[in-house]
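Trainee: The primary structure of each chain is shown beneath.
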Amino acid sequence: MRTVEGIYRAHARHVLAYALRRTEAATADDVVSEVFVIVERRLADVPVDARPWLYGVARRVLANQRRSDSRRAALQAALGVLGRDPAAVPAPEFEADTPLLAALAALRPDDREVLMLTAWEGLAARDAATVLGCSTAAVHTRLHRARARLQAELGRQTEPTLPTAATRAAR
Amino acid sequence: MIDLLEDLRDANPIDPDTVDVPPYARRARQPAKRRAWRLTLAATGAALLIVAAVALIPGRTAKHNDTLAARAYAAVTKPGVVHWRTALRTHVGNQGNTQMVTEGWSHSGVTHILMWELYNHKPHLKLDLRTANGRTTTWSEADEHPRQSKAVPAGSDPNRLGDPMATFRRAYKAGKLTPLGPNRLKVDLPGRSDDEGDFTAYYDIDPKTSRPVRYVTTQPGGPTTTVRFRIYETLPFNATTRAKLRLLDHPAPASDSTTATAHFAVLRQGTAPAGKLGVAVKRIARSNHLDASAARKLAPGIALIPSHDGVCLITALASGTGSSCTGLTHALKRGLAMGVPNPAPLPKSARITGLKAGIDLAVPDGVIAIKTRFHGRWTRHPVHGNFIHLPRFSGQYIFIRP
Numbered sequence: 001m002r003t004v005e006g007i008y009r010a011h012a013r014h015v016l017a018y019a020l021r022r023t024e025a026a027t028a029d030d031v032v033s034e035v036f037v038i039v040e041r042r043l044a045d046v047p048v049d050a051r052p053w054l055y056g057v058a059r060r061v062l063a064n065q066r067r068s069d070s071r072r073a074a075l076q077a078a079l080g081v082l083g084r085d086p087a088a089v090p091a092p093e094f095e096a097d098t099p100l101l102a103a104l105a106a107l108r109p110d111d112r113e114v115l116m117l118t119a120w121e122g123l124a125a126r127d128a129a130t131v132l133g134c135s136t137a138a139v140h141t142r143l144h145r146a147r148a149r150l151q152a153e154l155g156r157q158t159e160p161t162l163p164t165a166a167t168r169a170a171r
Numbered sequence: 001m002i003d004l005l006e007d008l009r010d011a012n013p014i015d016p017d018t019v020d021v022p023p024y025a026r027r028a029r030q031p032a033k034r035r036a037w038r039l040t041l042a043a044t045g046a047a048l049l050i051v052a053a054v055a056l057i058p059g060r061t062a063k064h065n066d067t068l069a070a071r072a073y074a075a076v077t078k079p080g081v082v083h084w085r086t087a088l089r090t091h092v093g094n095q096g097n098t099q100m101v102t103e104g105w106s107h108s109g110v111t112h113i114l115m116w117e118l119y120n121h122k123p124h125l126k127l128d129l130r131t132a133n134g135r136t137t138t139w140s141e142a143d144e145h146p147r148q149s150k151a152v153p154a155g156s157d158p159n160r161l162g163d164p165m166a167t168f169r170r171a172y173k174a175g176k177l178t179p180l181g182p183n184r185l186k187v188d189l190p191g192r193s194d195d196e197g198d199f200t201a202y203y204d205i206d207p208k209t210s211r212p213v214r215y216v217t218t219q220p221g222g223p224t225t226t227v228r229f230r231i232y233e234t235l236p237f238n239a240t241t242r243a244k245l246r247l248l249d250h251p252a253p254a255s256d257s258t259t260a261t262a263h264f265a266v267l268r269q270g271t272a273p274a275g276k277l278g279v280a281v282k283r284i285a286r287s288n289h290l291d292a293s294a295a296r297k298l299a300p301g302i303a304l305i306p307s308h309d310g311v312c313l314i315t316a317l318a319s320g321t322g323s324s325c326t327g328l329t330h331a332l333k334r335g336l337a338m339g340v341p342n343p344a345p346l347p348k349s350a351r352i353t354g355l356k357a358g359i360d361l362a363v364p365d366g367v368i369a370i371k372t373r374f375h376g377r378w379t380r381h382p383v384h385g386n387f388i389h390l391p392r393f394s395g396q397y398i399f400i401r402p
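Residue numbers (our numbering), protein chains in the order written: chain P, 1 to 171; chain Z, 1 to 402.
Bound-form chain P, shown alone:
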């Protein structure tokens, strides 16, 4: 018989890694906690191959967190009298410290997500479709376009800049 504990043991670190790639550590812990609350509540709905389903839940939990953060920031601004909450500061994602990661960070969220699911979570198109809530064909299309956009963005990131008049004068 499947138990929450068994699912936790098998997949918690992958869910945490998924969250850590998309948000900062404290929020990632929150996301994992919330995902397994949902698992406990919907144990009967968890498929045998649980990981894509768990990623899908984590994705929605993260989206809720982000919406909640933006609302909270607006509320904090409106309730200035109550002081500012440091938690309202938007969470950073992965550090874009290489041209490739900078290019990835510059993509639209939908493009970035499908690339990350494929490259970092190592999901096949069928599993990525479960996470994204779309068809496998749609994942193939999105992935194709996202890779093209990443290539184009990477070209822009690594393109040598022409010397400006000021730099020419300095020489």
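Treat the hints as calculated values from the structure; they're not laboratory data. Just so you know, not all the hints are guaranteed correct.
[Claimed, not checked] If you only want the chain Z side, here are some residues facing chain P, beta carbon under 7 angstroms, derived:
| # | residue |
| --- | --- |
| 1 | Val19 |
| 2 | Val21 |
| 3 | Tyr202 |
| 4 | Val216 |
| 5 | Thr218 |
[Unchecked claim] Listed next, the in silico SDA-like pairs over lysine to any residue satisfying Cα-Cα at most 20 angstroms (straight line):
| # | chain 1 | residue 1 | chain 2 | residue 2 |
| --- | --- | --- | --- | --- |
| 6 | Z | Lys186 | P | Ile38 |
| 7 | Z | Lys122 | P | Arg66 |
| 8 | Z | Lys208 | P | Asp29 |
| 9 | Z | Lys186 | P | Arg41 |
| 10 | Z | Lys186 | P | Asp30 |
| 11 | Z | Lys186 | P | Leu43 |
| 12 | Z | Lys186 | P | Glu40 |
| 13 | Z | Lys208 | P | Ala26 |
| 14 | Z | Lys208 | P | Thr27 |
| 15 | Z | Lys186 | P | Thr3 |
| 16 | Z | Lys122 | P | Gln65 |
| 17 | Z | Lys208 | P | Asp30 |
| 18 | Z | Lys186 | P | Arg42 |
| 19 | Z | Lys276 | Z | Asp360 |
| 20 | Z | Lys186 | P | Asp29 |
| 21 | Z | Lys244 | Z | His107 |
| 22 | Z | Lys176 | P | Glu40 |
| 23 | Z | Lys186 | P | Val4 |
| 24 | Z | Lys122 | P | Arg67 |
| 25 | Z | Lys208 | P | Ala25 |
| 26 | Z | Lys176 | P | Arg41 |
| 27 | Z | Lys186 | P | Glu5 |
| 28 | Z | Lys208 | P | Glu24 |
| 29 | Z | Lys186 | P | Gly6 |
[As the list claims (entries may be wrong)] Cβ pair distances, simulated, as ranges:
| # | chain 1 | residue 1 | chain 2 | residue 2 | range |
| --- | --- | --- | --- | --- | --- |
| 30 | P | Pro99 | Z | Ala174 | 54 to 62 angstroms |
| 31 | P | Pro47 | Z | Ala174 | 35 to 43 angstroms |
| 32 | Z | Phe237 | P | Gly122 | 55 to 63 angstroms |
| 33 | P | Thr98 | Z | Lys78 | 49 to 57 angstroms |
| 34 | P | Arg67 | Z | Pro13 | 21 to 29 angstroms |
| 35 | P | Gln151 | Z | Arg160 | 51 to 59 angstroms |
| 36 | P | Ala44 | Z | Arg9 | 33 to 41 angstroms |
| 37 | Z | Thr240 | P | Thr98 | 47 to 55 angstroms |
| 38 | Z | Lys78 | P | Ala25 | 25 to 33 angstroms |
| 39 | Z | Lys78 | P | Pro47 | 44 to 52 angstroms |
| 40 | Z | Asn12 | P | Ala138 | 22 to 30 angstroms |
Ideal placement from N, C-alpha and C gives every residue a C-beta, glycine not left out.
Following the hints, position chain Z against chain P.
Mentor: Leaving out everything else, chain Z in the frame of chain P:
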């Protein structure tokens, strides 16, 4: 293109094998305090009862001091004024439905709570709830009139307005908290009535401070509610705390009769109405549940009286008696008027009753003049005190403040 995806794989910033996931904690057996209580009572009798009771106070024994529940219980059970601010979000499925911010304090059975709802990212005050001596006074945006009722005892719903950790404390004392992982405690809360339903609550505790971070409640087939703690603290009962909790002053119309008094000098310094006016005031105050002793004479035949959420003007003139009330917010902005604004010819019946065209206007403190307009021309009328009679104007007027 394939190489690019390979490069991306190599750039993966997080390896799942290196992340540190806390072990999944098994359900701990129920705290043994109830069993121990019975055994102690049976074995040692009344002489040891006191000793046993001291040993069984939650959070006091060495054994229970080590558990997350005991540490969390100790962190939220301290003497003093409990002050909290929480953000609540209710959602069904993936649809966020309600967002609220609640701030409140509680001390020795006295509680004051303000609740805002968020619409379009802006907070709107919806509720002001004050409980003392077993009675609750509730102001809601819906009717603006404070209502009094008997204080309702806490049920199973942890989201009911009040100290947000009260349910947690009850669950701890009853030994119903189950650890779920290193930072989480779970409790099943059977509803006390069919209307209330059953709840499951999950409390997330900060492992460093043992203070609550948030809790999530779920109901079978019902909504999921997440409550995040922005503040949960216990303050000493002193002047500093009282000053701090003035944050909770109600920004809406007054819930007692003192606020109108603060804005109309005549209510503080004037004389009580007498004669025909006094009789009219008593009669109108009785039928409108107002305090007749707070009424003050504003002008001959005219009195001002504070109401529950604003102020009323009462007249006892040759033309008859009457009253007009308004909320304090409106009274401060536009004053409180009675009379006939248009100088159009009055009907014969008006001559019989002695009615004259013109407006009697009660104005709040700080207004030095009123500009009125009649046929496109603005006229300035100086104001002395809280009253002015305007003989004619077309309805437009502006308060002039220094």
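Trainee: Hints first: check each against the structure and report whether it holds.
Mentor: Evaluation of the provided hints:
| no. | hint | verdict |
| --- | --- | --- |
| 1 | Val19 | holds (5 angstroms) |
| 2 | Val21 | holds (5 angstroms) |
| 3 | Tyr202 | holds (6 angstroms) |
| 4 | Val216 | holds (6 angstroms) |
| 5 | Thr218 | holds (6 angstroms) |
| 6 | Z:Lys186 x P:Ile38 | holds (13 angstroms) |
| 7 | Z:Lys122 x P:Arg66 | holds (17 angstroms) |
| 8 | Z:Lys208 x P:Asp29 | holds (15 angstroms) |
| 9 | Z:Lys186 x P:Arg41 | holds (12 angstroms) |
| 10 | Z:Lys186 x P:Asp30 | holds (15 angstroms) |
| 11 | Z:Lys186 x P:Leu43 | holds (16 angstroms) |
| 12 | Z:Lys186 x P:Glu40 | holds (11 angstroms) |
| 13 | Z:Lys208 x P:Ala26 | holds (13 angstroms) |
| 14 | Z:Lys208 x P:Thr27 | holds (16 angstroms) |
| 15 | Z:Lys186 x P:Thr3 | holds (16 angstroms) |
| 16 | Z:Lys122 x P:Gln65 | holds (18 angstroms) |
| 17 | Z:Lys208 x P:Asp30 | holds (15 angstroms) |
| 18 | Z:Lys186 x P:Arg42 | holds (16 angstroms) |
| 19 | Z:Lys276 x Z:Asp360 | holds (18 angstroms) |
| 20 | Z:Lys186 x P:Asp29 | holds (17 angstroms) |
| 21 | Z:Lys244 x Z:His107 | holds (14 angstroms) |
| 22 | Z:Lys176 x P:Glu40 | holds (18 angstroms) |
| 23 | Z:Lys186 x P:Val4 | holds (14 angstroms) |
| 24 | Z:Lys122 x P:Arg67 | holds (15 angstroms) |
| 25 | Z:Lys208 x P:Ala25 | holds (16 angstroms) |
| 26 | Z:Lys176 x P:Arg41 | holds (18 angstroms) |
| 27 | Z:Lys186 x P:Glu5 | holds (15 angstroms) |
| 28 | Z:Lys208 x P:Glu24 | holds (19 angstroms) |
| 29 | Z:Lys186 x P:Gly6 | holds (18 angstroms) |
| 30 | P:Pro99 x Z:Ala174: 54 to 62 angstroms | holds (59 angstroms) |
| 31 | P:Pro47 x Z:Ala174: 35 to 43 angstroms | holds (37 angstroms) |
| 32 | Z:Phe237 x P:Gly122: 55 to 63 angstroms | holds (58 angstroms) |
| 33 | P:Thr98 x Z:Lys78: 49 to 57 angstroms | holds (50 angstroms) |
| 34 | P:Arg67 x Z:Pro13: 21 to 29 angstroms | holds (24 angstroms) |
| 35 | P:Gln151 x Z:Arg160: 51 to 59 angstroms | holds (56 angstroms) |
| 36 | P:Ala44 x Z:Arg9: 33 to 41 angstroms | holds (35 angstroms) |
| 37 | Z:Thr240 x P:Thr98: 47 to 55 angstroms | holds (52 angstroms) |
| 38 | Z:Lys78 x P:Ala25: 25 to 33 angstroms | holds (30 angstroms) |
| 39 | Z:Lys78 x P:Pro47: 44 to 52 angstroms | holds (46 angstroms) |
| 40 | Z:Asn12 x P:Ala138: 22 to 30 angstroms | holds (24 angstroms) |
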